[in-house]
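So the sequence lines, in the order shown, correspond to chains D and E. This note's numbering numbers the first residue of the first sequence as 8 and each following residue consecutively. This note's numbering numbers the first residue of the second sequence as 40 and each following residue consecutively.
Worth flagging that the hints you see were computed from the coordinates, not collected in a lab. Check each hint, because a few of them may be wrong.
Stated by the list, open to error - Only part of the chain E face toward chain D is listed, based on derived beta-carbon distances under 7 Å:
id : residue
1  : Leu82
2  : His84
3  : Gly120
4  : Leu122
5  : Ala139
6  : Val162
7  : Ile163
8  : Gly165
9  : Leu166
Note that the coordinates shown come from a computational prediction; the quantities given were computed from them, not determined experimentally. Beta carbons: idealized from backbone N, C-alpha and C, even for Gly.
Below, each chain spelled out in residue letters.
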Amino acid sequence: MAQTATAPTAFKILVAGGFGAGKTTLVSSVSEIMPLRTDEMLTGAGAGTDSTDGIEEKTTTTVAMDFGRITLPGDIVLYLFGTPGQERFYFVWDELALGALGAVVLADTRRLADCFPALDYFERTGTPHVVAVNRFDDAQPFGVDAVRKALDLDPDVPVVLCDARRRDSGKAVLISLVRHVLDRRAPRHADTTL
Amino acid sequence: MRGDAPGGAADASAWLDADAGPVVRSFAITGGRTRTDIEFDLLTHVVATEAGPTIVGAMAPEHRSIVDRAARPVSIAELAGHLNRPLGVIWVLVADLYDAGAVSLDAPAPSGRRPGDSTLSAVIDGLRSL
């Protein structure tokens, strides 16, 4: 449709996890641009699950999403979106998850339960995801297996350790996600060439 | 008409109640419109047409900012980030520009929805080489 230039092949990757799990840190460390912020308006329909329900429908809030960008050879661009944390913002998640390549769920071992909503969401929507255990200095070291067990993950969901502040580490998380996307489709499409 | 100056004072005032914050004022730019008849994706890329800069000369400053940014393909998400406006506002403004022939749109290709294995391998190789 574009006449004057060709748009790149663009992919969306979601970065989810509890508050303070390092979503923005991860986006910042791997992005080639300063992370940008977009706002989505929380409308009456979206506010249905808000705890202010029943008080006044007209309440207006915005949901902020931080995102970054990685340009790769071959005119490929990855967009990383940090997902808004609260469950009442799930309507934004629907928009984000639509057509997303996959998701990274950041886990903080001090508050593992905080990533349950994200895991539930991605399992329910069939969005390929990996769990990245962000290593915080004051957290007790957890093994990958312990985290997998505590989160009751499907056996095929990769769990990786990471330091969201480090670009190399963030890149490794993204690579494990894309590889997981490839692995997931392999058995189902063994006899088809895409 | 979409191309007309955004809504009248009566339309705008409907948004400016006691709860109105910056976002509501953003939608006053669009004449209160929050929906468009074009299906947008966050990654839809906007690019100015050749006639775009001329066409937009008669439009609002917000429209002009978008056409300036869209000299090269730019995603809806980036426009929202750079122009510091909610996505819904950007969508409405871009729809205006599209209807006026000032921009063309490039939605993520179906192949982007389900990329081939070779594209995914290229993503992995590309990430490794960064």
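Hints and how they fare:
Of the supplied interface hints, the one on E/Leu82 holds, with its beta-carbon coming within about 4 Å of a beta-carbon of chain D, less than 7 Å. Nearest Cβ of chain D to the Cβ of E/His84: about 3 Å, under the 7 Å cut. The hint holds. Interface restraint check for E/Gly120: the shortest CB-CB distance to chain D comes to about 3 Å, inside 7 Å, so the restraint holds. About 10 Å separates the beta-carbon of E/Leu122 from the nearest beta-carbon of chain D, more than 7 Å, and the hint is not met.
Residue-level restraint check for E/Ala139 is violated (minimum Cβ-Cβ distance to chain D is 15 Å; threshold 7 Å). Because the beta carbon of E/Val162 sits about 5 Å from the nearest beta carbon in chain D, less than 7 Å, this interface hint is met. Contact between E/Ile163 and chain D, as hinted, is supported at the beta carbon level, the nearest pair being about 5 Å apart and thus within 7 Å. Because the smallest distance between the Cβ of E/Gly165 and any Cβ of chain D comes to about 3 Å, under 7 Å, the interface hint for this residue holds.
At a threshold of 7 Å, the smallest CB-CB gap from E/Leu166 to chain D is about 5 Å, leaving the interface hint in force.
Violated hints for the displayed structure, listed by number in ascending order: 4, 5.
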